[in-house]
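So the protein lines, in turn, are chains A and B.
First residue of the first sequence: 1, per the UniProt record's numbering; consecutive thereafter.
First residue of the second sequence: 1, per the UniProt record's numbering; consecutive thereafter.
Each hint should be verified, as a subset may be incorrect.
To be verified - Straight-line alpha carbon distances no greater than 20 Å define the calculated EDC-like cross-link-like pairs of lysine to aspartate or glutamate that follow:
| hint | chain 1 | residue 1 | chain 2 | residue 2 |
| --- | --- | --- | --- | --- |
| 1 | B | K193 | A | E157 |
| 2 | B | K222 | B | E232 |
| 3 | B | K295 | B | E358 |
| 4 | B | K410 | B | D393 |
| 5 | B | K295 | B | E449 |
| 6 | B | K410 | A | E45 |
| 7 | B | K353 | B | D317 |
| 8 | B | K378 | B | E400 |
| 9 | B | K114 | B | E233 |
| 10 | B | K410 | A | D32 |
| 11 | B | K436 | A | D40 |
| 12 | B | K240 | B | D223 |
| 13 | B | K468 | B | E452 |
| 14 | B | K436 | A | E157 |
| 15 | B | K473 | B | D453 |
| 16 | B | K410 | A | D75 |
| 17 | B | K436 | B | D453 |
| 18 | B | K185 | B | D223 |
| 19 | B | K410 | A | D57 |
| 20 | B | K410 | B | D367 |
| 21 | A | K231 | A | D174 |
| 22 | B | K114 | B | E189 |
| 23 | B | K351 | B | D299 |
| 24 | B | K410 | A | E44 |
| 25 | B | K498 | B | D223 |
| 26 | B | K436 | A | D75 |
| 27 | B | K295 | B | D393 |
| 28 | B | K378 | B | E358 |
| 29 | B | K270 | A | D75 |
| 30 | B | K148 | B | D122 |
| 31 | B | K473 | B | E449 |
| 32 | B | K193 | A | D306 |
| 33 | B | K240 | B | E400 |
Since the hints were derived computationally from the structure, they do not count as laboratory data.
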Amino acid sequence: MDRLTRQLTQLAITVFGIVTVTFFLVRMIPGDPAQYMLGDYATEEALATLRAQLGLDRPVIVQYGLYALRALTGDFGASVVTGRPALEEILSSLPDSALLAFAGLAIAVVIGIPLGIVTAERQGSWSDLLIMVVALFGISFPVFWLGLASVLLFSQELKWFPALGASSGGGFLDQIHHLVLPAGVLGVSVAAYITRLTRSAMLEVLNQDYIRVARAMGVPQRRVVWRLALKNALVPILAIVGVTFAWSLGSAILIEVVFSRPGIGSMILKAVSARDYQLVQAGVLVLAVAVVLVNSLLDLAYGLVDPRLSAR
Amino acid sequence: MVGTHRQQRNGVTRRQFGGLLAAGALVAGSGWPLGVAAAPPVLRVRIGSDIGNLDPARIFQIENQTVATQIYNGLVKYDEASNALVPDLATSWEISGDGTVYSFALRSGVVWHKNYGPFTSDDVKFSFERVLDPQTGSSYAGQLASIKSVETPAPDRVVITLKEPNSGFLHKVSAFNQGWILSRKALGEIGEKAYALNPVGTGPFVFQVWTPGREVRLSANKDYFDGAPKVEELLFRVIKDETAAAIALENGEVDIFFGLQQPEVIQRLKGGGQVTVLDRDANHTINLILNTSIKPLGDVRVRQAISHAINRKALIDGFFKGTKTEASGFLTSSFQEFTNDVAAYPYDPQKAKALLKEAGVGPFTLDLVAPGANPYDKIVVPIASDLAAVGIDAKIKVLERGAYLQARNKGTVPTCVTGVVGAPDPDSPILSMFAKSSFPPGLNTSHYEGVEDLIAAARQAQGDAARKEVYGKIQAKVMGDAPIVPLYADRLYIAHTKGVSGFVQNSLFTMSAYPVVLAG
């Protein structure tokens, strides 16, 4: 219970801080939502009317006070452009973002962890070198390049998968069919990080005394690696997986653009360029909550992986 | 060694699949729409960015306008092919001898989408008065400013009285922006705010649902007065990247590629031969605006020198790979009032230098201000080097869109890039770019006031010949004074699959899905 209260307090403080900073930051960028909305032909009167309707004619600090009061009641304002509740609009793309992040990470874990283990086990061998070089490429290649290249290969040439990464009202299999390429690209680019991280975590553990003892006692190599070493190397790997998940919820913008997928990242980008203040704030709020939640879940997971950590 | 590597890869593939299945289970749990097979013919159209507002009083941007084109009607409309004004909701109209009273006979039996009842003259009155009401804050109030009163003697008759004759008035009430008619009842019940994405019209398609960042879904209006559309559903899909959109078109994932602009993608689709690529002159030119209130741009010789210094042909052939056309003025050939009998500024660096010398201007610095959007942020580069060749030190300043609009609105930028996209109504670019009433915060960043008397004369001109003459004079005067440099006439490209027939490309930078027939 105590732990829950602590985490809730942490959540509240983080969200409050982030939303406050965002509130003032987006208002500091030059540009005007009224101008964006009304376009090139806007007259000065029309701009003034709209600014007044949106409350943008008041001092920023007053705007902030009003926003904070309403936010306490769960009202995060309406999108300047569409007039719809900002939070609702952001949440409408949460499933798309979560699905992409989840599927991408699943692929990354499935590729990255075994490769990391194999390379750590055979440190200095040709296979280690080869995989590390490939992983370096994976890290160095920009994700939009990988995305476009995969569209050209798998969609245009081979016609295995659609070029559009989001299905439109199709069935379950259709959804999966559309998801393969974007999730694959995200997965492969993240897998490179996970491979390298797993490798160094494993190397550290494999050089420890207890592993040497286990080997000396004749414990089979398979058991040494998978049971004794991996379990201890798992905590940093879990950390990077969790952080990457939270990160890709909001930062998979390039993948979303290349594959024409809706998502929170592109939604926030759109909102920033339209100076849709409320939408930016709602987007950042959702991401902040997601990051804090993922970290809380990770805390729990650490305890499961390594009982010493939950005793703390 | 190779063998083990293989095994590893195969193993991964199986587990990868497992991961996807797990991801799929998550979708199933989240209650997404599942299992509906697309049975009825759906026309899928690519749009380059998301929509945001479909309220005719506030509408802006080609994606919004394109979706709205399917939903609304105007009193009159532009014929897609010829740009002539033809009947839409009005079947006929009479103009009084002095040119101030327009009396429209309205189509009867027209009903609003979603059971909002019959369309009547009261809706016309409501729509125009709403745009004019300062409370609405419409950007298009100025377009209808000549209206004195709107009367409704009968449900199928509307009489509009003007403050003074305005020969271009029919353009203002044509099916575009402020000319689109909405329902008094629908707006009242839906409310101002929610209406932006719950539009109700009389057009061939009924707005159904907008999924942010993904798509807009419309259904066929079976009761459409000209007959039901030939497709059941119309889907606008947001696909930002043009390369991805091209592949999606060739793969048959979309049927029509709207807003095709990148020269490389145009060439690619044309070369591939799998799809049909249409092109047509747009109604707008892209212009480099010169601020005449800033030294030394106040001197006409300096502005003419700049016009001579820019190699526009090289820009079109090189950067645009021939996908744009040369502009002789600020109107394009798609305007009925167009003339090319104006001062021409062929590329001639020597003449430019001579003009600068004649004006007594030594080397000076000029900021080229452009929005950070393709192609404007790129075309300023060759322009800068052309200017450097005649001794003008051009500094490129690319601003993010919001910051650019703000800077241009202040009117203090020495140059900027402007194109007035829209209807083939010559008043639209002329009033926006060259009338004193459009001084910043309007689009007259030139601070040009050389055609005030001609603008007044154009309003009075009755009959096509008289109009053509006075608009010809305006074009000649402006091009002589050179407050702007027309960089190129935009050309519009749309591609569609071979399964699409009946499609007619317009010059408004929108499209109508109504005539389209889908094969198979």
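**OP:** Take the C-alpha atoms of B/K468 and B/E452, compute the straight-line distance between them, and say whether it is at most 20 Å.
**Re:** The given pair, whose Cα atoms are some 17 Å apart, holds under the 20 Å limit.
Subject >> Hint consistency between B/K240 and B/D223 [alpha-carbon to alpha-carbon, up to 20 Å] >> reply: violated, 34 Å
**OP:** Would you check the hint for B/K410 and A/D57, treating anything up to 20 Å between C-alpha atoms as holding?
**Re:** holds, 18 Å
Original post:
When you check the alpha-carbon spacing of B/K378 and B/E400, does it fall within 20 Å?
Top reply: Status holds; Cα separation ~13 Å.
**OP:** With a cut-off of 20 Å on the C-alpha distance, tell me whether B/K114 and B/E233 pass.
**Re:** Measuring from Cα to Cα gives roughly 16 Å; hence the hint holds.
Subject >> Straight-line alpha-carbon gap B/K498 to B/D223, limit 20 Å >> reply: violated, 29 Å
Subject >> B/K185 paired with B/D223 [C-alpha distance capped at 20 Å] >> reply: Judged against 20 Å, a Cα distance of about 19 Å means the pair holds.
Original post:
Between B/K410 and A/E45, is the straight-line Cα distance small enough, at 20 Å or below?
Top reply: Given that 20 Å is the threshold and the Cα spacing comes to 15 Å, the pair holds.
**OP:** Please work out if B/K295 and B/E449 have their alpha carbons no farther apart than 20 Å.
**Re:** Holds. B/K295 to B/E449 sits at ~17 Å (cutoff 20 Å).
Original post:
Do the alpha carbons of B/K410 and B/D367 lie within 20 Å of each other, as the hint requires?
Top reply: Roughly 15 Å between the alpha carbons, so the hint for B/K410 and B/D367 holds.
**OP:** Would you mind confirming whether the straight-line C-alpha gap from B/K270 to A/D75 stays at or under 20 Å?
**Re:** Not OK: B/K270 and A/D75 at ~51 Å, beyond 20 Å, violated.
Original post:
Can the restraint linking B/K295 and B/D393 be considered satisfied, given a maximum Cα separation of 20 Å?
Top reply: holds, 14 Å
The structure fails to meet hints 1, 4, 7, 12, 14, 16, 21, 25, 26, 28, 29 and 32 from the earlier list, while all remaining hints are met.
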